[in-house]
Amino acid sequence: MALLKRRPVRVPGLLASFLHVDAAADAIRAVRALGIRDLTVYTPAPNHEIEEALGQRVSPVRLFTLIGGLSGCAAGFGMTIWMSYDWPVLVGGKPIASIPPYVVIAFELTILLGALSTVAAVALFSVLMGKPGAAYDPRFSDDQIGIFVPAPSDQAGRVEQLLRSAGAVEVRHEA
Amino acid sequence: MAVVTHPVAHDGHSMTQSHSDITRDVVATLGPPTRGYLVLLFGAVSLLLVGILTFLILVKDGLGHAGYNPPVFWSVYITTFVFWIGIGHAGTLISAILFLFRSPWRTAVYRSTEAMTVFAVMTAGLFPIIHIGRQWIFYWLLPYPNQRFLWPNFKSPLLWDVFAISTYLTVSTTFLVFGLLPDVAAVRDKVSGWRKAVYSLTSVGWRGTNNQWRHYSRAYLYLAALATPLVLSVHSVVSWDFAVSLVPGWHGTIFAPYFVAGAIYSGIGMVLTLIIPLRRAFRIEHLITDYHFDNLAKLTLLTGSILLYAYAMEYFVAWYSGNIFEQTTFYRRAFGPMWWAGWTMIICNAFVSQLLWFRKIRVNITALFVISIFINIGMWFERFVIIVSSLSNDYIPWAWGQLNPTWADWGILAGSFGWFGMWFLLFAKNFPIVAIQEIKEMIPMPRKRGGH
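Heads up: the sequence lines are chains A and B, in that order.
Note that our numbering numbers the first sequence so that position 90 is 90, with each residue one more than the last.
Note that our numbering numbers the second sequence so that position 256 is 256, with each residue one more than the last.
In short, the hints are calculated from the structure, not lab data.
Hints may contain errors.
Unchecked claim - Derived DSSO-like pairs: lysine-lysine, alpha-carbon spacing no greater than 27 angstroms straight-line: (1) A:131 to B:190; (2) B:190 to B:360; (3) B:298 to B:360; (4) B:448 to B:196; (5) A:131 to B:196; (6) B:360 to B:196.
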């Protein structure tokens, strides 16, 4: 719901399109050198040059994968052992709670919860760490790289010049 | 992800493909359906209706219609269950394991194989439910709090199967949908009208921002890393349904790796059966090329050779064990009343795959298609032979009996192909069947300062 509420807000700034990946990386470095950090960069596919120019750290989703996996493992052993003792039935002369067969259940639940929490983390971080209000253009999912620079009107001229000299094919003012 | 190899670089002309060409060509596959597509869809739905009708009769009258004959109470339904579960494995191998191995050729084919996985597992999941007889109480398999305070027996391999299959279905569906996100967004930005509205909804706000890619790429890596041990575990668990029992021909330690190799082999057979007509129908021959078929065929050769080894080893172990029951079972597989099934399995799987040593055959699309049909038939028979021939003559000759498959068996089998085919066809026409985003990732973007 937070997502829906935040969407209509438009942030003033500049939306530049690039055809060349090195030009876009130059522009990112130049804008970041100005002290503007909250850029939004759109690419049709993940790109290492862009990531390096942005100086991004590794995503924290891996922590959620770990937590999800460990909880799944604990849930798997916890459930099977508790349920075995809740209604104890002797099967095949084995102990009531027999660990080797329960490894299979714990393993499957490790994978299940690990995977689901990974995807949940992506959804969560995309909303929490996303920069709402940035302008978008459909060409950014096709073959162009887009850079949205949130800039107040007094800085806009300077930023536009930077983007153009880096090689932007188009720069749009978004109010 | 320093991928340097171009996915379609092996045939020169494709190097000229740009990002916008990829989007255009893949979005073009989603256009209005052709007559051929509608005929196929009609065929699939008709088969499904046969299956539904058969199922309704089974619900009304019970499993007596199926060809069960003591002591054979696992037959065509369980065979087909293992068959479809196996099909799924090649998809996960290609989408997850080859992703971790950084195999560049997987990109063009992995979406269709992953879709195949999801639908094959969806199909397989129906069979244990059909097989249990009182289908409406299938939920008794799950551990849920009930008025009798009973819990399932977690020491039973059949319950491991419940967990393995449901996890596999959930995780492979998640993996498929997650991988589709950026591609659905790319389609959204190309289409208009009500289709745009639908794809906007299904792309859940994907815009390819640096923040989204940052989490997405990492998450994809971990999903692949989780799916890899999962796929190996699922067919191992399926094999333990058999191996943990004491039936001759089933009680072997070789079963888990033998089943996993067979699963991947059968799955690649189905991949070939599906994508050879698909790439022609969708005019994406320049995206899925000889290079991909050559690699798929090599994988078939590898797993087919593992099967050849496993078959030989089964016979060797039966002889070497000195156990008369084991020896009789394997003798009867080759020379007993089901000799035709036993030889179908050995010829279609172990021998036909050996043709792929020749590159000429590996890049001959017609030959590959024919071989893939043999693989599908052979792998269905493999499970049929393992299940039915072992059960029909276990220990005391007095208690032996033969299976008599009926219309109820074949009706459900036909229905399963219809169900699978329907989902696959609907998917192929509504979602990008070639991963737009991943192919773009492998094609270097243009540079201002020379280079590409």
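Now for the hints, and whether the structure bears them out:
{"no.": "1", "hint": "A:131 to B:190", "in the structure": "holds (24 angstroms)"}
{"no.": "2", "hint": "B:190 to B:360", "in the structure": "violated (40 angstroms)"}
{"no.": "3", "hint": "B:298 to B:360", "in the structure": "holds (12 angstroms)"}
{"no.": "4", "hint": "B:448 to B:196", "in the structure": "violated (33 angstroms)"}
{"no.": "5", "hint": "A:131 to B:196", "in the structure": "holds (24 angstroms)"}
{"no.": "6", "hint": "B:360 to B:196", "in the structure": "violated (44 angstroms)"}
Taken one by one, the earlier hints fail for this structure at numbers 2, 4, 6, listed in ascending order.
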